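**Q** The primary structure of each chain is shown beneath.
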Amino acid sequence: MESRLASALIRIGTGFTLLFLYIPLVILALYAFNKGITHAWPPDLWTTKWFSAALHDPDLPGALRNSVLAAIGATTIALLLGSLAAFAVHRFSFFGRDTISFVLVLPIALPGIVTAIALASSINYANIAFGLTLGLFTIIVGHATFCIVVVFNNVIARLRRTPTSFVEASMDLGADGWQTFRYVTFPALKTALVAGALLAFGLSFDEIVVTNFTAGATLTLPLWIFNNIRLPKQQPIVNAVALVLMLLSIIPVYFAQRLAGGVQAAQPTGEGSAAAATPVVPLEEAGPG
Amino acid sequence: MLVVYLASLALMLVTAFWRLNELSSQIERVWGLQNFQTLWNSSATRLITVRTVGMAAAVTVTDLILAFPIAYYAARIATPRGRNLLLLAVVMPLWSNYLVRVFAWRVITSGDGPLQALLKLIGINYSISASNWAVWLTFCYLWLPFAILPVYAALERVPGSLMEASSDLGAHNGLTFRRVVVPLIFPGLVAASIFTFSLTLGDYITPVLVGKGFFIGNTIYNLVGLASNLPLAAAYAFVPIVIMAIYLTLARKLGALEAI
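So the sequences go chain by chain: A and B.
Just so it is clear: in the first sequence, position 114 is 114 by the working numbering, and no numbers are missing.
Just so it is clear: in the second sequence, position 86 is 86 by the working numbering, and no numbers are missing.
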């Protein structure tokens, strides 16, 4: 098959790409302990003063709280509406069914800025029409639009893989609709729902592209980072926060790995910053259809 | 929620045909194509559009080149355990915050920073701080996993027997790659390019944080944020939509949409 030369080239290319993926994260971690506020090489190590500075930042706790609240809100809405939509599309055939499948994928297929401008237009309109103000509520609504998609994709993929004969058998054996849902459908969907919720929470927690247009004066953690990155004096504090966030991101990876039962794969789901945060999910759970 | 989203999209399309009263800064609901005329007649927007599409193309090509070896190694050389670890290594960075990864590149490309030190080491005294080079590197980094995964999925499906047959019939590696592997994984390559292309078109954060030039994304962002000209911004948002529509239509003709 591969000649020795081709095999060597592939190995070198693989190593290069791995270095390209990880060296930036290592450099970021190093500079979090840099004494100076510039990024001159080599960094002047070691200090932990930026971490304590971050703890005393006046805006950071509020931003963190808003991010968590927005993620919980958007995930809850997405779990409810996303799985309902999946049930409807899976179980019934109705007028416009294919359109719904298509429309649900739109928020991740269109460039992020388009979704952002679209929501900004309607919030602007709602502001004029009924005085809707920007805040946590508009953030949650914005996040829910793309969080629904990931839950929908996860649930519908699982529904398609679960044989309908299970449900029929349950009904034949005398279970009513609720019992069938409680003992057959829901257990089959459980991990798909957890995976969808993990993804949705992660997407919402990291989202900046849309949030920037829907937040008004409300600060979320990504907005705090975005505002402070551009202030030279604040950069080291941002760096410390960035390292903490990077380490925290290991938690969902761990859970996703557990869910996938050791065989992990992933599928990108597209769209601006939503895409940027798209994580590991079992292959068959993600992606349209 | 679906209704909210669709209504928003529709409203954006409609807003593009309204106009801003320059004196009162209020949106006037007067129909007209003046926003599109403004955009079309401005040499700046034409330049920005060409620059953005060029950047998206450059990022796509770079990412496909970077993606192939690691995808090939994972799909055809690695042991099952090694493959799982490699795929995990590819998606891990996606879990860490998008802004954190952009910030890492702001640090790397900053003046006198790590990259400049590395370039000096090989005899190039040049800073790419706040340049389109920095934007290009950052985009390549951000979207690389989205390029690797479809290429990997496509390579995994190529039957090994076809490659053996090709080499049994006397084709050298280069020929097998060109005539057997690339045609078979072509839908996967197109799928990967859809992600890298669309994501680059729609991003406005990276040009703001690591570059200084204007791209479609940060131009629209400024039209809304600084100029408060929502109608003009909405009109400009048509550009990435139309480009992606053309791109997706071509991809469908090439039979690549099933590979996503």
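If you're looking for bench data, these hints aren't it; they were derived computationally from the structure.
Note that the coordinates shown come from a computational prediction; the quantities given were computed from them, not determined experimentally.
Glycine included, every Cβ here is placed at the ideal spot set by N, Cα and C.
Please note that the accuracy of each hint is not assured.
With a straight-line cut-off of 30 Å between C-alpha atoms, the simulated DSBU-like cross-links for lysine-lysine are [what the hints assert, rightly or not]:
no. : chain 1 : residue 1 : chain 2 : residue 2
1   : A       : K233      : B       : K120
2   : A       : K35       : B       : K253
3   : A       : K233      : A       : K49
4   : A       : K35       : B       : K120
5   : A       : K233      : B       : K212
6   : A       : K190      : A       : K35
7   : A       : K49       : A       : K35
8   : B       : K212      : B       : K120
Pulled from the structure, derived: some chain B residues nowhere near chain A, Cβ distances all over 10 Å [as the list claims (entries may be wrong)]:
no. : residue
9   : V30
10  : S42
11  : L47
12  : A67
13  : A89
14  : S96
15  : R101
16  : F103
17  : Q116
18  : W136
19  : L169
20  : G170
21  : G202
22  : L250
If you want the ones that stay clear, here's a sample from chain B, every Cβ over 12 Å from chain A, calculated [stated by the list, open to error]:
no. : residue
23  : Q37
24  : N41
25  : S43
26  : A57
27  : A58
28  : V61
29  : F68
30  : P69
31  : R106
32  : S131
33  : R179
34  : F186
35  : L201
36  : Y204
**Q** Taking the closest pair, is the beta carbon of B/R106 still more than 12 Å from chain A?
**A** 7 Å, violated
**Q** Quick check for students: does the CB of B/F68 sit more than 12 Å from each CB in chain A?
**A** Nearest chain A Cβ is 7 Å from B/F68, so the label is violated.
**Q** Given the hinted pair A/K233 and B/K120, is their alpha-carbon gap at most 30 Å?
**A** Holds, because 27 Å separates the two Cα atoms, which is no more than 30 Å.
**Q** Quick check for students: does the CB of B/A67 sit more than 10 Å from each CB in chain A?
**A** 7 Å, violated
**Q** Is it the case that B/N41 keeps its Cβ farther than 12 Å from each residue Cβ in chain A?
**A** 21 Å, holds
**Q** Has the given pair, A/K49 with A/K35, been kept, meaning a C-alpha gap of at most 30 Å?
**A** It holds: about 8 Å lies between the C-alpha atoms, which stays within 30 Å.
**Q** Is the straight-line distance between the alpha-carbon of A/K233 and that of A/K49 30 Å or less?
**A** Since the Cα atoms of A/K233 and A/K49 sit roughly 14 Å apart, the hinted pair holds (cutoff 30 Å).
**Q** Hey, does B/W136 actually stay past 10 Å from chain A on C-beta?
**A** 13 Å, holds
**Q** Confirm or reject the statement that B/R101 sits farther than 10 Å, beta carbon to beta carbon, from all of chain A.
**A** Nearest chain A Cβ is 7 Å from B/R101, so the label is violated.
**Q** Taking 30 Å as the top limit, are the C-alpha atoms of A/K35 and B/K253 close enough?
**A** At roughly 56 Å apart (the allowed maximum being 30 Å), B/K253 and A/K35 break the hint.
**Q** Is the Cβ of B/L169 more than 10 Å away from each Cβ in chain A?
**A** 13 Å, holds
**Q** Once the closest CB in chain A is found, is it more than 10 Å from B/V30?
**A** Per Cβ check, B/V30 is outside 10 Å of chain A; nearest 16 Å; holds.
Hint violations for this structure: numbers 2, 6, 12, 13, 14, 15, 16, 17, 21, 29, 30, 31, 35 and 36, all remaining hints satisfied.
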